[in-house]
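Protein sequence lines correspond, in order, to chains A and B.
Counting from 1, position 8 in the first sequence corresponds to residue 8 in the numbering used here; the numbering is continuous, with no gaps.
Basically the numbering used here = 1-based index in the second sequence + 205.
Honestly, the hints are just simulated from the structure, not real lab data.
The beta carbon of each residue, even a glycine, is placed where N, CA and C say it ideally should be.
Do not take every clue at face value.
Claimed, not checked - Per label pair, the in silico range of CB-to-CB distance:
{"hint": "1", "chain 1": "B", "residue 1": "264", "chain 2": "A", "residue 2": "165", "range": "32 to 38 Å"}
{"hint": "2", "chain 1": "A", "residue 1": "109", "chain 2": "B", "residue 2": "239", "range": "49 to 55 Å"}
{"hint": "3", "chain 1": "B", "residue 1": "244", "chain 2": "A", "residue 2": "28", "range": "38 to 44 Å"}
{"hint": "4", "chain 1": "A", "residue 1": "116", "chain 2": "B", "residue 2": "251", "range": "36 to 42 Å"}
{"hint": "5", "chain 1": "B", "residue 1": "210", "chain 2": "A", "residue 2": "157", "range": "21 to 27 Å"}
{"hint": "6", "chain 1": "A", "residue 1": "139", "chain 2": "B", "residue 2": "210", "range": "33 to 39 Å"}
{"hint": "7", "chain 1": "A", "residue 1": "165", "chain 2": "B", "residue 2": "248", "range": "37 to 43 Å"}
{"hint": "8", "chain 1": "A", "residue 1": "7", "chain 2": "B", "residue 2": "210", "range": "16 to 22 Å"}
{"hint": "9", "chain 1": "B", "residue 1": "248", "chain 2": "A", "residue 2": "41", "range": "26 to 32 Å"}
{"hint": "10", "chain 1": "B", "residue 1": "258", "chain 2": "A", "residue 2": "94", "range": "21 to 27 Å"}
What follows is the residue order along each chain.
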Amino acid sequence: MEIPYTTTARPDTGLYNAKIGIWLFLASEVMLFGGLFSAYIFLRIGAPEWPGTILGENFASSFDVLSVPIGTFNTMVLIASSVTVVMAWAQLMLKDFKKFRYYMGLTILLAMVFLVVKGFEYNDKFVHGYFPAEGTFLAVYFTLTGLHGLHVLGGVVVMAYLWGPGAKMWETNPQQFTNRVEVAGLYWHFVDLVWIFLFPTIYLL
Amino acid sequence: MSLKTVHIIFITASVLLAVGFGLWALNHYATAGSIGYLLTGILSVVSGVVLVVYGKRFLQKLSHISYL
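Can you build the whole structure from these sequences, using the hints too?
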């Protein structure tokens with residue numbers, strides 16, 4: 001049995017299957033992160049001081065606890081990765097598979113750089129005894145950035161599949177493969193957009 | 206909505222972040238006087254301008270691809 005609308009748009013929705021699926025998924029993700037952001041806002045409104053006292057030391061602002069240069073570097077890495085993932089998709093539209101592989105590989109590399117840097121950042125916090133249980137600020141920081149990091153990891157797995165074994169589809173059904181890369185790109189942009197909101201709210205404000 | 210449209214929205218958000226972060230750093234330079242904040246502020250605002258130029262070039266290059 002052949003599944004309809006894998007490559008062409010459904011007449012009533014104007015979208016192919018995977019695209020409608022990813023938008024529904026992203027809508028649920030907006031609710032997940034939206035709920036956590038709301039929790040953060042209410043926790044912060046209710047806190048007498050922010051970040052407040054951590055391990056007996058009083059901090060006046062979040063950038064006294066977190067490293068803004070590291071956060072800035074990771075922000076640049078994610079912005080660059082969103083550029084490369086669009087380039088990968090655009091190369092498939094131009095029927096240039098070699099360049100797709102190059103740009104998708106670059107996207108995966110950038111995502112892994114983000115995770116490694118985040119790992120070093122977490123390690124630095126743990127070495128100093130800064131665990132989620134040490135205060136509301138740290139609990140919010142680890143919850144939001146941890147969940148975001150898991151999403152980055154998920155993106156790496158999907159993109160690595162499309163770069164590697166999943167790329168065989170380019171030979172049998174190039175249009176469906178292009179659609180899959182577009183859908184992965186939509187997810188990746190969502191993950192990057194979450195960070196664009198996370199960075200100023202957690203690190204700067 | 207295609208990846209092209211979402212990318213433009215993302216670049217717009219990135220420009221706002223770059224300019225906002227630049228202003229944040231310049232504001233801290235005005236109060237703290239650290240040269241690091243001044244450099245960060247200038248570089249961030251310049252990054253915002255670079256992203257605007259990139260966005261315009263991106264739109265020109267992918268003019269044949271639909272927004273939907």
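Open item on the list: Checking each numbered hint in turn, tell me which of them this model violates, lowest number first.
Closed with: Per hint list: 2 and 4 violated.
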